[in-house]
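As a plain string of letters, each chain reads:
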Amino acid sequence: MTLNEVQEKIIEEFSIFDDWMDKYNYIIELSKDLAPFNEANKTKQNLINGCQSRVWLNAEFVEGKVVFTADSDAIITKGIVSMLIQVLSNRTPQEIKDADLYFIDRIGLKQNLSPTRSNGLLSMVKQMRLYAIAYEAKMNQKTE
Amino acid sequence: MIREDFPVLKQLVYGKPLVYFDNGATTQKPMQVIDTINRMLLQMNSNIHRGVHFLSEQSSELYENARRTIQDFIHADLSQEVIFTSGATGSINAIAFSFGERYVQEGDEVIVSEMEHHANIVPWQVMCGRKRAKLKVIPFNETGELDMDAYRNLFSQKTKIVAIAHISNTLGTINPVKEIIQIAHAHGVPVLVDGAQAIQHVDVDVQDLDCDFYVFSGHKIYGPTGIGVLYGKSKWLYEIPPYQGGGDMVDCVKFEKTTYNDLPFKFEAGTTNYIGAIGLASAVDYIRTTGFDGIQAYEENLKEYALQRLQSIPGLTIYGTSRHRIGIFSFLLNGIHPYDAGMLLDKMGIAVRTGTHCTQPVMDHFDVDGTVRASLAMYNTKEEVDIFCAGLERVKKMFS
Chain A
4 MTLNEVQEKI
14 IEEFSIFDDW
24 MDKYNYIIEL
34 SKDLAPFNEA
44 NKTKQNLING
54 CQSRVWLNAE
64 FVEGKVVFTA
74 DSDAIITKGI
84 VSMLIQVLSN
94 RTPQEIKDAD
104 LYFIDRIGLK
114 QNLSPTRSNG
124 LLSMVKQMRL
134 YAIAYEAKMN
144 QKTE
Chain B
1188 MIREDFPVLK
1198 QLVYGKPLVY
1208 FDNGATTQKP
1218 MQVIDTINRM
1228 LLQMNSNIHR
1238 GVHFLSEQSS
1248 ELYENARRTI
1258 QDFIHADLSQ
1268 EVIFTSGATG
1278 SINAIAFSFG
1288 ERYVQEGDEV
1298 IVSEMEHHAN
1308 IVPWQVMCGR
1318 KRAKLKVIPF
1328 NETGELDMDA
1338 YRNLFSQKTK
1348 IVAIAHISNT
1358 LGTINPVKEI
1368 IQIAHAHGVP
1378 VLVDGAQAIQ
1388 HVDVDVQDLD
1398 CDFYVFSGHK
1408 IYGPTGIGVL
1418 YGKSKWLYEI
1428 PPYQGGGDMV
1438 DCVKFEKTTY
1448 NDLPFKFEAG
1458 TTNYIGAIGL
1468 ASAVDYIRTT
1478 GFDGIQAYEE
1488 NLKEYALQRL
1498 QSIPGLTIYG
1508 TSRHRIGIFS
1518 FLLNGIHPYD
1528 AGMLLDKMGI
1538 AVRTGTHCTQ
1548 PVMDHFDVDG
1558 TVRASLAMYN
1568 TKEEVDIFCA
1578 GLERVKKMFS
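First to last, the protein sequences are chains A and B. Residues 4 to 147 in the working numbering are what the first sequence lists, from first letter to last. Residues 1188 to 1587 in the working numbering are what the second sequence lists, from first letter to last.
Because the hints were derived from the structure by calculation, they are not lab data. Take the hints with a grain of salt, since some may be wrong.
The list that follows gives simulated cross-link-like pairs (lysine to aspartate or glutamate, DMTMM-like), each with its CA atoms no further than 25 Å apart [claimed, not checked]:
no., chain 1, residue 1, chain 2, residue 2
1, A, K47, B, D1554
2, B, K1584, A, D101
3, B, K1534, A, D101
4, B, K1534, A, E32
5, B, K1534, A, D22
6, B, K1203, A, D21
7, B, K1534, A, E98
8, B, K1534, A, E66
9, B, K1584, A, D103
10, B, K1583, A, E63
11, B, K1203, A, D22
12, B, K1534, A, E42
13, B, K1583, A, D25
14, B, K1534, A, E16
15, A, K47, B, D1556
16, B, K1584, A, E16
17, B, K1584, A, D25
18, A, K26, B, E1301
19, A, K45, B, D1554
20, B, K1323, B, E1580
21, B, K1584, A, D36
22, A, K47, B, D1209
23, A, K113, B, D1554
24, B, K1534, A, D108
25, A, K35, B, D1556
26, B, K1583, A, D76
27, B, K1584, A, D76
28, B, K1323, B, E1301
29, B, K1583, A, E98
30, A, K45, B, D1556
31, B, K1534, A, D36
32, B, K1583, A, D21
33, B, K1197, A, E15
34, B, K1584, A, E8
35, A, K35, B, E1580
36, B, K1583, A, D22
37, A, K35, B, D1533
38, B, K1203, A, D25
Quick caveat: nothing in here was measured; it's all calculated off a predicted structure.
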């Protein structure tokens, strides 16, 4: 699936909920889908500190693609992290850099990624893009 | 019913009636305050203490009347002991700077408590850093009450000032400020009381307390934002230097030497937030017209009800269990992350605060990352407490 196909899939999954609590119930379920995060990777370097909740993000570069794993101490944050991983992990640096994450807005979770919500999610997305840029630079260096 | 006076409370949030339990952060404004501010902007706006014209005289008079309203409300001896600032934070920063300039030297000590809001820690740390002075901390016990024996033992010849919260914004504890002040005065040390969480809930009589400084914010007592009060005994205010220079605070400006204006203007540099001050006075008038005694009795009753309801929820831990308390409840539910609980309560129309509440040392004391905080005000009801507790039960179920 392309990056946008995954976004469309998530939007469709959410379209069946008209009640906020059902939506959040589903997000709680999604948090359980997130691949387990290696405790050894819960380093200070991987920590994205929000003042409300914390997010850990780890990146590896495997065969031209950036593989992200992540975790959070808050379940709802973790559920949203799980979606961001679905969309952005296992993509080329170019795909990540170009990604327009419209699904967040479409499923009504925009406020969770606003700068005023200091849950670490906005910084996480920024960090994911920074990893993409860094890996791309590394890749270009090798080919030169 | 006073609730009717607060337009904000009538709205639906996500289609549900708003339950506003974040009053420790800020309170809603009654129509009377909104009308006053509107009238100021529509009909009377003019800079104070400047013009000879009709509008300026009118707004100057309203501003000075506002000062007298506050003086009366906190029982200050003199109206010039009431300084308008931007808020409690602004007031504390002003005193930390000015008092520090005048009285604090290398090796001196300042006493604060472990339960202070960051606004009553950081300004003192900044001043201590500048003056190479030391911060001493009064610990609190497991119920959230100050350790008074430890407090007594903190004094030394080097102690210069004590800065203490009247009521904790996280634990809800009402501190024995009168006793705290007596002990400090026995050592010849002045006391600043942070009344940000007290002024709207309990009687404050600065002469009876005998505090040297008392500070609070307008927006937490149903008034506008950006306005606050610094009360100081005139003997201190005469002695300490101004913390900001500008217009209105001067007597005579020469390049060789400038002399300062009298109190209170010495501490009100530049155009003050006169509309805010007049709005704040209107909020105080509202409270007095409603009847502060009645408000306090109502809040006491509501607090007891909320406490009893919260205590009956299995898996709920309240941080701060002093008997001397107001309706501020910090808690955790079944190990559920406060952010998760807050997000779900929000979607049920319930507004609470989550996180550290600007009191990281309190979180460290209990070894938690944060809590959920519900803080009540005079317009809250038992029905809202019921909706809130049902909401907590629902949150619990969703994470079980």
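Hint by hint, where does the structure go against what was stated? Just the numbers, ascending. Failing hints, ascending: 2, 3, 7, 8, 9, 10, 12, 18, 20, 22, 23, 29, 33 and 34.
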